[in-house]
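Residue numbers (the UniProt record's numbering), protein chains in the order written: chain A, 1 to 281; chain B, 1 to 281.
Treat the hints with care, since some could be wrong.
As the list claims (entries may be wrong) - Below are the BS3-like pairs computed for lysine-lysine, each with C-alpha atoms no more than 30 Å apart in a straight line:
id, chain 1, residue 1, chain 2, residue 2
1, B, Lys71, A, Lys231
2, B, Lys71, A, Lys256
3, A, Lys71, B, Lys256
4, B, Lys231, A, Lys66
5, A, Lys71, B, Lys101
6, B, Lys136, B, Lys206
7, A, Lys86, B, Lys101
8, A, Lys124, B, Lys66
9, A, Lys256, B, Lys190
10, A, Lys71, B, Lys241
11, A, Lys101, B, Lys9
12, A, Lys101, B, Lys71
13, A, Lys86, A, Lys66
By construction, these hints were calculated from the structure, which means they are not laboratory data.
2 protein chains.
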Amino acid sequence: MFRIGEFSKIAQTAVSQLRYYDQIGLFQPAHTDESTGYRYYSTIQLPELNRIIALKELGISLEQIKMMVLKDVSVQEIQGMLLLRKAQIEQTVQEQVNRLKIIEARLKEVEQPESLNTDGIILKRMPEQPFYSTRKVMQNLFDTIHLVTEMREYVPAIAEKNQLGPLTIILHGDAFSIENVDVEVGFPLKSEIDSPLLLPGGNEVKERILQSEESVISTIRVGAFENGYEKYAQLGRWIEKSDFQISGPAKEIFIKPPSQGNPEDCVCEIQFPVTRPTTLI
Amino acid sequence: MFRIGEFSKIAQTAVSQLRYYDQIGLFQPAHTDESTGYRYYSTIQLPELNRIIALKELGISLEQIKMMVLKDVSVQEIQGMLLLRKAQIEQTVQEQVNRLKIIEARLKEVEQPESLNTDGIILKRMPEQPFYSTRKVMQNLFDTIHLVTEMREYVPAIAEKNQLGPLTIILHGDAFSIENVDVEVGFPLKSEIDSPLLLPGGNEVKERILQSEESVISTIRVGAFENGYEKYAQLGRWIEKSDFQISGPAKEIFIKPPSQGNPEDCVCEIQFPVTRPTTLI
DNA sequence: GTTGACTCTCAAGCGGCTTGAGAGTCCATG
DNA sequence: CATGGACTCTCAAGCCGCTTGAGAGTCAAC
Numbered sequence: 001m002f003r004i005g006e007f008s009k010i011a012q013t014a015v016s017q018l019r020y021y022d023q024i025g026l027f028q029p030a031h032t033d034e035s036t037g038y039r040y041y042s043t044i045q046l047p048e049l050n051r052i053i054a055l056k057e058l059g060i061s062l063e064q065i066k067m068m069v070l071k072d073v074s075v076q077e078i079q080g081m082l083l084l085r086k087a088q089i090e091q092t093v094q095e096q097v098n099r100l101k102i103i104e105a106r107l108k109e110v111e112q113p114e115s116l117n118t119d120g121i122i123l124k125r126m127p128e129q130p131f132y133s134t135r136k137v138m139q140n141l142f143d144t145i146h147l148v149t150e151m152r153e154y155v156p157a158i159a160e161k162n163q164l165g166p167l168t169i170i171l172h173g174d175a176f177s178i179e180n181v182d183v184e185v186g187f188p189l190k191s192e193i194d195s196p197l198l199l200p201g202g203n204e205v206k207e208r209i210l211q212s213e214e215s216v217i218s219t220i221r222v223g224a225f226e227n228g229y230e231k232y233a234q235l236g237r238w239i240e241k242s243d244f245q246i247s248g249p250a251k252e253i254f255i256k257p258p259s260q261g262n263p264e265d266c267v268c269e270i271q272f273p274v275t276r277p278t279t280l281i
Numbered sequence: 001m002f003r004i005g006e007f008s009k010i011a012q013t014a015v016s017q018l019r020y021y022d023q024i025g026l027f028q029p030a031h032t033d034e035s036t037g038y039r040y041y042s043t044i045q046l047p048e049l050n051r052i053i054a055l056k057e058l059g060i061s062l063e064q065i066k067m068m069v070l071k072d073v074s075v076q077e078i079q080g081m082l083l084l085r086k087a088q089i090e091q092t093v094q095e096q097v098n099r100l101k102i103i104e105a106r107l108k109e110v111e112q113p114e115s116l117n118t119d120g121i122i123l124k125r126m127p128e129q130p131f132y133s134t135r136k137v138m139q140n141l142f143d144t145i146h147l148v149t150e151m152r153e154y155v156p157a158i159a160e161k162n163q164l165g166p167l168t169i170i171l172h173g174d175a176f177s178i179e180n181v182d183v184e185v186g187f188p189l190k191s192e193i194d195s196p197l198l199l200p201g202g203n204e205v206k207e208r209i210l211q212s213e214e215s216v217i218s219t220i221r222v223g224a225f226e227n228g229y230e231k232y233a234q235l236g237r238w239i240e241k242s243d244f245q246i247s248g249p250a251k252e253i254f255i256k257p258p259s260q261g262n263p264e265d266c267v268c269e270i271q272f273p274v275t276r277p278t279t280l281i
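Hey, can you work out the whole structure from these sequences and the hints?
Okay, structure coming up:
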């Protein structure tokens, strides 16, 4: 029988850990002196402790380990727990690898003087959403602005106005050019709008579903619509260096649309849906 | 200006998080109503929040992020932080991959009825240690037992007895056979013993350094010295299935050595130093 | 008997939130 | 202008797996 200090050396386990395991009833000393409270451990407890440590190293919670070692759990259940844990670990590995790619991209960017920061670029998920929009190939930027203006004028009038999300533009063609672009302009909906709308310009506005997207990269542009190309260039470099691939059309979400007075007073989120070339380890 | 709820939707960030970031002074609302305490956020704060989220996704602590976004930190320092973080992530990926291998090995073992459990097998590090030992090729098990007995008799007599660790046997040859084995028998030391010792049987006991080992797998055997072969078989299978490679001689550490009366009353740790065939991702 | 090394219990702290209680505020409707 | 319901506030506690520290008691050697 050893006191806790010596046992902790043999078992390579911290004294505080042993006390904690005693406290939560996971692993208790072979004997406890009732009058002094001293814990006494025996060497034959080592296999039991090792089982616990082995399970813990797999990242299983102490609560679960307690069940596994104290209760009689069937082989199937243990297998289930292990499989579950395996899936979890696989996922976190995937996440970590993603982080690595992103950090590497960041480090490369930092080396180059051309770009000041790629800070505000984040990765997120977008849920499925109903979308009330019209789509057309635009000759030039002026056309686009015209369509947007029309939309902002007529759509809120027919919808209950609290049902509309921010004005969103989807750039179906090449997001990096401005002429002859296939553009969709619309509003996300919080509830349904039953009827299509015919704009004075001849474009028809209809409801459709924007599919959910697992990963989009997103950044915020503050300032006028026209001079946003450096943001696109930045996003492009970031995507390339982080090993992503663009998997769909870009979106511009006008969180705060430009107002008549000052077009500089505009806040816009730029999104690219992306995927990663299958990086299973 | 948005109240916290709406801003949390725009920014895809939980209300409780925003409040927490305010509390720790990481990201504060553009305006706080002094009388009601209501927080009001502006869209132009979105880039700032996104920077924070981007850094957080890299696993950087909020404390560090606070420094990075609030204080003026040089590019070099940021680069340093990123490099450090990169190294950390690489390490955790390595660990996770190890876990995966081990879980997979476990699941394979569970499928087969032949082995009941591979539970008590753990991986650990061993520190460098001085070792007071003798080494010889043994004809048979009886010779080994004789040498061990001699060691246990004479060595404690010349050492201050509190300076000795548990009797340890290193199996330099093939750990899976019993005859003609190159065996080293000795004791770990807590402090130096200056002089060699000549045993009656003619073997010389000398001090040397046991190098530290990055990873050894270890299990505990309870019971007699002789019938420990199933443990070895188990360890062997586990090593193979977990994709490890044995990288040195096995050790048997007699945590509780067999006593005269009952040789069954013995607790022994079996160790194999292992490496992994380089698994960088 | 006196060290000094060990041990005990109990409470708090870590990070990054989440949850809940209890109270107050905003805004649209009747 | 009162009411209701959705929102917001603050403050405290809880999560995990420990670690750290305070203050008190115990053990073994000299």
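Status of each hint after checking the structure:
no.: 1; hint: B/Lys71 <-> A/Lys231; result: holds (25 Å)
no.: 2; hint: B/Lys71 <-> A/Lys256; result: holds (28 Å)
no.: 3; hint: A/Lys71 <-> B/Lys256; result: holds (29 Å)
no.: 4; hint: B/Lys231 <-> A/Lys66; result: holds (25 Å)
no.: 5; hint: A/Lys71 <-> B/Lys101; result: holds (26 Å)
no.: 6; hint: B/Lys136 <-> B/Lys206; result: holds (13 Å)
no.: 7; hint: A/Lys86 <-> B/Lys101; result: holds (9 Å)
no.: 8; hint: A/Lys124 <-> B/Lys66; result: holds (22 Å)
no.: 9; hint: A/Lys256 <-> B/Lys190; result: violated (71 Å)
no.: 10; hint: A/Lys71 <-> B/Lys241; result: holds (28 Å)
no.: 11; hint: A/Lys101 <-> B/Lys9; result: holds (28 Å)
no.: 12; hint: A/Lys101 <-> B/Lys71; result: holds (26 Å)
no.: 13; hint: A/Lys86 <-> A/Lys66; result: holds (19 Å)
Going down the numbered hints, you'll see the structure goes against just number 9.
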